[in-house]
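> Construct all of the structure, not just a fragment, from the sequences and the given hints.
Residues per chain, in single letters:
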Amino acid sequence: MLLSATFLLGCAAAAMPAQQAIILRPDAIVAADGSLQKGMAVVIKDGKIVEVSANPSAQGSQVRLKGVLAPGIIDAFTGRGADFLLTEQSDAATPDLRAADGLDLDHPAWQALLERGVTTVHITPDPTNVLCGWGTVVSVAGDNRKARILKAASRPIASLLQSSVNDDRIGPTSVAGAIERLNQTIAAVGMDSLENSAWFFVENTEGVAAAKEIISSNKSNKFQMVLMGDVASYGGAVAGQLVGIPTFGGGMVARHAETWKRLHKSGTTFAFGSRGGSGEWSSLRTSAMSLSRFLGDPGAAWAAISSNPARMLGMGEVLGSIAVGQRADLVLWSAHPLDAAAAVVSVMIGGNTVYRATPPEDKS
Amino acid sequence: MMFVSALTLFWLAAPLAQEPMSIAVDRLYVGNGEVIDNAVVMLADGKIVSVVPGVAPSGALHIAGATLTPGLVDAFSFMGVGAGTLEQSREVTASMQLANFADLDSEAFQHAIDSGVTSAYLSPDSLNVMGGIGAFVKTSGGQPADLFADNAARVLNARAGLKVTLGGDPSRGNYTPSGQYTTSFNARRPNTRMGTVWVVRRDFYRAKDYMKAREQGLPVYDADLEALAAALRGEIPIRVQARRSHDVETALRLQEELGWPNMILEEATESHNLAAQLVAANVAVVCGPAYDSLGRSTARGPSQLEIKALASPAAVCCEDLHEHEEGAPSFFEETGAYQLNDFSLDMLVLLAPRYATAYGFASGRRSEGRGSTPALPALLQAGGVNLSLGGAEAHDQSLTESSLIYQARSAVRWGMAPADAIASITSRPAALCGMGDQLGQLKSGFDADLVLWSGEPLAADSKPLLVILDGVIVVDNRPQD
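Protein sequences appear in the order of chains P and B.
Quick note: the first sequence, position 138, residue 138 per the working numbering, numbers continuous.
Count along the second sequence from 1, then add 364; that gives the number in the working numbering.
For the record, the hints were derived by calculation from the structure and aren't laboratory data.
Even for Gly, the Cβ is constructed at its ideal location relative to N, Cα and C.
A couple of the hints might just be wrong.
As the list claims (entries may be wrong) - Reference listing, derived: stretches of chain B covered by chain P, where coverage requires no fewer than 3 residues with Cβ under 8 Å from a Cβ of chain P: (1) 554–561; (2) 597–611.
To be verified - Cβ-Cβ distance ranges computed for the label pairs, FRET-style: (3) P:E213 with B:Y585: 32 to 42 Å; (4) P:K146 with B:P625: 15 to 25 Å; (5) B:E451 with P:G236: 49 to 59 Å; (6) B:G446 with P:N352: 47 to 57 Å; (7) P:S217 with B:K572: 27 to 37 Å; (8) B:A644 with P:S174: 42 to 52 Å; (9) B:Q452 with P:A340: 48 to 58 Å; (10) B:G623 with P:K146: 13 to 23 Å; (11) B:S453 with P:Q162: 24 to 34 Å; (12) P:R262 with B:G623: 46 to 56 Å; (13) P:A254 with B:R454: 49 to 59 Å; (14) B:G623 with P:N352: 25 to 35 Å; (15) P:E180 with B:P625: 39 to 49 Å; (16) B:E451 with P:K146: 32 to 42 Å.
What the hints assert, rightly or not - Chain P is nowhere near these chain B residues, computed Cβ spacing over 12 Å in every case: (17) E383; (18) D390; (19) G397; (20) L491; (21) Q507; (22) R523; (23) K576; (24) R578; (25) V643; (26) E757; (27) G779; (28) D801; (29) E820; (30) D840.
Quick look at the structure:
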C-alpha cells in the first residue's frame with residue numbers, strides 16, 4: 001500500500017500535463033504549528049500549492065498517499081553543494097563575493113540532501129571575512145539547472161566572529177578591528193551592501209552590540225543574527241529576535257539547553273543551519289528534535305527547519321509551509337518528521353517527484 | 365650558413381613578386397563544408413586567385429590522390445607562451461598584450477607548420493584571473509629576433525581576445541593566510557572559484573565606472589581597465605576558459621550580468637550538457653585537446669551511454685551521460701596510474717588545505733576534468749553549438765600526434781561528421797578570430813594558405829606534402845623521384 005502510494009505520487013507528477021491539478025491526500029499533513037492535521041487534501045498545480053482543505057473545490061486526479069506530508073526542510077546556512085570550501089581569504093572584506101559563483105550543481109551532496117528530506121539550502125560564503133559577500137538560495141533538485149538557483153544573491157553576510165579575526169597578514173586581529181573594517185567597507189561600498197537584511201555572524205556581546213549599532217546608525221532595523229560559539233554568554237543581547245543557530249553538535253551542556261529555553265520564552269525564534277554544526281547529514285532534523293525536547297514546543301522546533309529559515313531569507317511566502325501560494329516542495333514521511341523513527345518516503349520539488357526511497361521498479 | 369638562412373627569411377618575410385602557381389587536386393575541401401572533386405587552384409601574390417573545377421592544366425602541380433584543404437587555423441593555443449609570459453604578482457594583468465612578449469621564434473610554430481597549421485590564436489596563460497590580451501598570428505613569415513632561428517610567427521592582430529579564466533586554475537597554489545607564509549603574493553590572490561569570479565565582477569564594474577569617468581573627461585587612466593573597457597565596447601572578444609559545467613554556467617551568468625558583447629568559451633570540458641544554453645546565448649566554444657596529457661585527465665573514453673547519445677542524441681538524457689558505466693574499469697584502473705580517491709582527497713583538503721591547493725587537488729586537476737569525454741566536439745555539434753577545435757599545448761611539445769589535425773581526427777572518431785571537423789579547424793576558427801573573410805577557406809581573394817595532404821586529411825595515414833603560407837611553400841614533403 002505504501003509502495004503503491006509512492007509510485008502513484010511519482011507517476012502522477014511525472015505524467016500529468018502542467019495545467020492539470022493534482023489532489024494529494026496523505027494520511028496527515030504537518031501544519032504551520034508543527035501539529036499533524038488529518039483528512040486534509042493538498043492541491044498542486046503548475047508546481048505550486050493552490051488549495052489546502054478537507055474538501056477541495058479543485059478538479060483533478062486524486063492521489064492517495066500513505067504517510068505524513070510535510071514542507072521540505074530548509075537549511076538556513078550551509079556550504080554543502082559548493083566547490084569545496086567557500087573560504088575566500090584574498091582580502092578581509094569581500095562585499096561582492098557570491099556563493100552562487102562557487103556552486104557545484106553536480107556535487108554528490110545534493111542527492112544526500114534529498115535523502116534527508118531537505119529541499120532548499122542557503123549557501124553562504126564562510127563567515128571569515130568582515131563583509132563576506134552574498135549567500136545564494138538553491139533548490140536541491142530539478143531538471144532546469146538555472147531554475148534551481150532560487151535567489152542568486154540572497155543576503156549579505158557580515159561576520160564579527162572573534163574566531164575569524166585572526167588574520168596576521170592584512171588584519172583585523174580583534175573584534176574591534178573587525179568592526180572598524182566593516183564600517184570602512186560599508187562607507188566605501190555604500191549601505192546598499194546591507195540593505196537587503198544583512199546576516200551578522202556573531203559569537204559575543206561585542207559582536208551583537210556592534211551589529212546593532214551599525215544597523216541602527218544606518219536607519220534600518222532589517223538585520224538578522226546568526227549565533228555562534230557559546231550563546232549562553234551573550235544570548236540576552238539577542239532576546240526576542242529571529243536568529244539563526246548552527247545545528248547541535250557534541251559538547252551540549254545543560255547551560256545551553258537552558259539558554260534556548262530562555263530565548264524561546266523571550267519570543268526569540270530559531271532557524272537551524274548546518275554550517276558550523278556537527279557535520280552529520282541528518283543534524284538539521286535531529287537538532288530540531290533536540291530543540292523540541294528543550295523547549296517542550298514541537299511547533300517551534302519544526303519551524304526552525306521549515307518556515308523560519310524561509311522567513312529569514314525573505315521567502316516565507318513561497319517556502320517553508322503547506323499553504324496556498326507556496327512552492328510544491330513537499331516531503332512524504334513515514335511518520336511525523338520530528339518522530340525519531342520517521343523516514344523519507346519520497347520528495348517533490350516544484351511539483352515534480354525528484355526522489356523515492358524505494359524506486360517503483362523494485363517494488364515487485 | 366647563417367647568412368643563407370637569414371636571406372631565405374627575408375625572402376619569406378617579403379614575398380612580393382611571386383610567380384603565379386596553379387595546383388590541381390583530386391579533391392578539395394573549401395573549409396566551409398563544401399567539397400569539390402577535381403579542382404584547380406590558382407595562386408598569385410600571396411592570395412588565392414581562383415578555385416575552379418577541372419582537370420590539371422599544363423604546368424600545374426599535380427599529385428595523384430592528394431587532397432587540398434585551407435591552412436589549418438588553431439583557435440586556441442599556447443605557442444610562444446612560457447614562463448616569461450606569466451606575470452603573477454597580481455591576478456589581473458588584463459592590459460598585457462601577449463604579442464609584445466610571446467616568443468614568436470618558438471619551435472612550436474615550426475611544429476605547427478609541419479602539421480599544417482598556418483595561423484593560430486595565441487592565448488595568455490590561465491593562472492591569472494584575467495591574464496591579458498591574446499594575439500592572432502600566422503605561424504610563419506615573421507622576422508625572427510634570434511638570428512639562428514629559421515622561422516618566426518607574424519602577428520596579424522595583437523588584440524584578438526581578452527583572457528578570463530574561471531574554475532580552478534587562477535586559485536591553484538594560493539592559500540589562506542596563516543603562519544609564516546603570509547608575505548607571499550599567493551596569500552593575497554583568490555583561493556576559491558568564488559573569489560575568482562569576484563575579481564572578474566569587481567574589475568568589470570570598475571571598468572564601467574571608469575568608462576563613465578573617461579566620458580566625462582576626468583583625468584583618469586588605468587591600463588587594465590582600458591582593456592576591459594575595450595572588451596565591453598565589443599572591440600576585443602572575451603575569451604573565457606571554463607571547464608566544469610558550473611564554470612560554464614558562471615560564464616553565461618557573467619555574460620548576461622556584465623553585458624559582454626562577444627564571449628567565446630575555451631576548453632569547456634563539461635559543456636556537452638549545456639548545449640541549449642550555449643546556443644541560446646549565441647556563445648561559441650573552442651574545445652581544448654582531448655589527449656594532450658594524462659595530467660589533464662581527459663583520457664577517459666566515452667561510456668556506452670555517450671556512444672548511444674551520438675547515435676541518437678534525443679534518446680539519452682544528458683544527466684545520464686555523467687553516470688559511469690557500471691562495472692567498467694576506470695582509466696586509472698586500466699592504466700594503473702595513481703589516483704587518490706574522493707575520500708582521501710577530502711581528508712587532504714580538510715587537514716592540509718595549503719598542500720592540497722598547492723598540488724592542485726582542491727581547485728585544479730581533480731575537479732577540472734571529471735566529466736570530460738573525447739566525444740565532446742560531436743556532442744556539441746549535435747547540440748547546434750558553434751564549435752572550433754584548439755590545440756592548446758599540443759604544438760609546444762613537438763607532439764605531432766596531438767596536433768590540431770589529430771584533434772579533428774579524434775573528433776571524427778567519436779562521432780563528428782568529417783566536413784564539420786574540417787570546418788572546425790579552418791573556416792570556423794578563422795571567423796571566430798575575426799579573420800573569416802581572409803582565412804580558413806579556399807576561395808578567391810583569400811590568403812594563399814593551403815595544405816596539400818597525401819590522402820584524405822582525416823585519415824590516420826595522411827600527412828602534409830606541401831604547406832603553403834601566403835603563397836610561399838614553407839613545408840615540402842613531396843616524394844623525391
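> Confirm or reject the statement that B:D390 sits farther than 12 Å, beta carbon to beta carbon, from all of chain P.
holds, 48 Å
> Taking the CB of P:R262 and the CB of B:G623, does the distance hold inside 46 to 56 Å?
holds, 52 Å
> Verify this label for me: B:E383 is non-interface relative to chain P, using a Cβ-Cβ cutoff of 12 Å.
B:E383 is indeed farther than 12 Å from all Cβ atoms of chain P, at 58 Å.
> May I ask you to test the hint 32 to 42 Å on the CB atoms belonging to B:E451 and P:K146?
Holds: the Cβ-Cβ distance is about 36 Å, inside 32 to 42 Å.
> Between B:G623 and P:N352, does the beta-carbon spacing fit 25 to 35 Å?
holds, 33 Å
> For B:L491, is the shortest beta carbon distance to chain P beyond 12 Å?
B:L491 clear of chain P: closest Cβ-Cβ about 15 Å, beyond 12 Å.
> Taking the shortest Cβ-to-Cβ distance between B:K576 and chain P, state whether it exceeds 12 Å.
Check passes; 16 Å lies beyond 12 Å.
> Taking 47 to 57 Å as the stated bounds, is the beta-carbon spacing between B:G446 and P:N352 within them?
holds, 52 Å
> Against chain P, does B:D801 hold up as non-interface, every C-beta pair farther apart than 12 Å?
holds, 36 Å
> When you take the CB atoms of B:A644 and P:S174, is the distance between them in 42 to 52 Å?
Holds, since B:A644 and P:S174 (Cβ atoms, about 50 Å apart) stay within the stated range.
> Is the nearest Cβ of chain P still more than 12 Å from the Cβ of B:Q507?
About 41 Å separates B:Q507 from the closest Cβ of chain P, which puts it past 12 Å; holds.
> Take a look at whether the Cβ-Cβ distance between B:E451 and P:G236 falls inside 49 to 59 Å.
Given range 49 to 59 Å: holds, Cβ gap about 54 Å.
Going down the numbered hints, you'll see the structure goes against none, and every one checks out.
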